[in-house]
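Peer 1: With these hints in hand, go ahead and build the complete structure from the sequences.
According to this note's numbering, the stretch in the sequence shown is residues 6 to 179, in order.
Calculated directly from the structure, the hints in this document are not laboratory data. Any given hint could be a false lead.
[What the hints assert, rightly or not] Here are the computed distance ranges between Cβ atoms for each label pair: (1) Val-44 x Val-160: 32 to 40 Å; (2) Arg-14 x Thr-123: 49 to 57 Å; (3) Ile-154 x Ile-17: 18 to 26 Å; (4) Pro-76 x Thr-123: 13 to 21 Å; (5) Gly-104 x Ala-39: 32 to 40 Å; (6) Val-71 x Ala-158: 29 to 37 Å; (7) Gly-115 x Ser-15: 44 to 52 Å; (8) Leu-174 x Ala-102: 55 to 63 Å; (9) Ala-169 x Ala-99: 30 to 38 Å.
[As the list claims (entries may be wrong)] Keeping only pairs whose Cα atoms sit at most 20 Å apart, straight-line, the calculated SDA-like set for lysine to any residue is: (10) Lys-152 x Thr-112; (11) Lys-152 x Ala-126; (12) Lys-152 x Ala-111; (13) Lys-152 x Ile-164; (14) Lys-152 x Gly-115; (15) Lys-152 x Val-37; (16) Lys-152 x Gly-90; (17) Lys-152 x Val-163; (18) Lys-152 x Glu-113; (19) Lys-152 x Glu-119; (20) Lys-152 x Pro-103; (21) Lys-152 x Val-175.
C-beta atoms are modelled at their ideal positions from N, C-alpha and C, and glycine is treated no differently.
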Amino acid sequence: MKMHLTLVRSLIVLAALTLAPVGIALAHGVPVIAVQPAVVAAGDQITVTGTEMEPGEVFTITLEGVSGSIPLGEAAVTGEGEEGGFTATFTIPADTAPGSYTVRAATEEGESAEADLTVTAPSAEASAGPAMAEEPTGEQHLLDRSKPIGQIAAVVVVIALSAAAGFVLVRSRG
Numbered sequence: 006m007k008m009h010l011t012l013v014r015s016l017i018v019l020a021a022l023t024l025a026p027v028g029i030a031l032a033h034g035v036p037v038i039a040v041q042p043a044v045v046a047a048g049d050q051i052t053v054t055g056t057e058m059e060p061g062e063v064f065t066i067t068l069e070g071v072s073g074s075i076p077l078g079e080a081a082v083t084g085e086g087e088e089g090g091f092t093a094t095f096t097i098p099a100d101t102a103p104g105s106y107t108v109r110a111a112t113e114e115g116e117s118a119e120a121d122l123t124v125t126a127p128s129a130e131a132s133a134g135p136a137m138a139e140e141p142t143g144e145q146h147l148l149d150r151s152k153p154i155g156q157i158a159a160v161v162v163v164i165a166l167s168a169a170a171g172f173v174l175v176r177s178r179g
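Peer 2: If you want it as structure tokens, here you go:
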């Protein structure tokens, strides 16, 4: 019985040590962006403000919709100490189709933040006549659901340790 308790305690300590680096990696906070205005006409400008970022990081800003990703530019993080941010202005291309989009700020290291944006028809087109809705194309919508390998490994380790601890506890009672 003592051996089983020792094994369970060892598994719990191993799980804690395995997951500890994940908390340290995220110590500076999760990046956040805000977009103003939230509704903009194609061809007009938006201001993207980022917070909870490490000074020195460079974020690539893209406009993502059902038809693909449109690069808007880059923003460098400035600030004092451990927390920084940026404020940058970008122009939405005039040929951008009206609709709902996601503004994404991402680093090469995989950090990212998102904000919603609605793009309307350019001002000249809006006054020229009634707005026409686009016909559905039947194309598949692709979602980026990739996760960092460290996060996946941590989940797998926790599941394996939980299963092993459960097995040991069931065997010790039976």
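Peer 1: Each hint should be assessed against the structure and marked as holding or not.
Peer 2: For each hint, the structure was consulted:
no.: 1; hint: Val-44 x Val-160: 32 to 40 Å; verdict: 38 Å, holds
no.: 2; hint: Arg-14 x Thr-123: 49 to 57 Å; verdict: 54 Å, holds
no.: 3; hint: Ile-154 x Ile-17: 18 to 26 Å; verdict: 24 Å, holds
no.: 4; hint: Pro-76 x Thr-123: 13 to 21 Å; verdict: 19 Å, holds
no.: 5; hint: Gly-104 x Ala-39: 32 to 40 Å; verdict: 20 Å, violated
no.: 6; hint: Val-71 x Ala-158: 29 to 37 Å; verdict: 32 Å, holds
no.: 7; hint: Gly-115 x Ser-15: 44 to 52 Å; verdict: 32 Å, violated
no.: 8; hint: Leu-174 x Ala-102: 55 to 63 Å; verdict: 57 Å, holds
no.: 9; hint: Ala-169 x Ala-99: 30 to 38 Å; verdict: 59 Å, violated
no.: 10; hint: Lys-152 x Thr-112; verdict: 14 Å, holds
no.: 11; hint: Lys-152 x Ala-126; verdict: 35 Å, violated
no.: 12; hint: Lys-152 x Ala-111; verdict: 14 Å, holds
no.: 13; hint: Lys-152 x Ile-164; verdict: 17 Å, holds
no.: 14; hint: Lys-152 x Gly-115; verdict: 9 Å, holds
no.: 15; hint: Lys-152 x Val-37; verdict: 18 Å, holds
no.: 16; hint: Lys-152 x Gly-90; verdict: 24 Å, violated
no.: 17; hint: Lys-152 x Val-163; verdict: 16 Å, holds
no.: 18; hint: Lys-152 x Glu-113; verdict: 14 Å, holds
no.: 19; hint: Lys-152 x Glu-119; verdict: 15 Å, holds
no.: 20; hint: Lys-152 x Pro-103; verdict: 30 Å, violated
no.: 21; hint: Lys-152 x Val-175; verdict: 33 Å, violated
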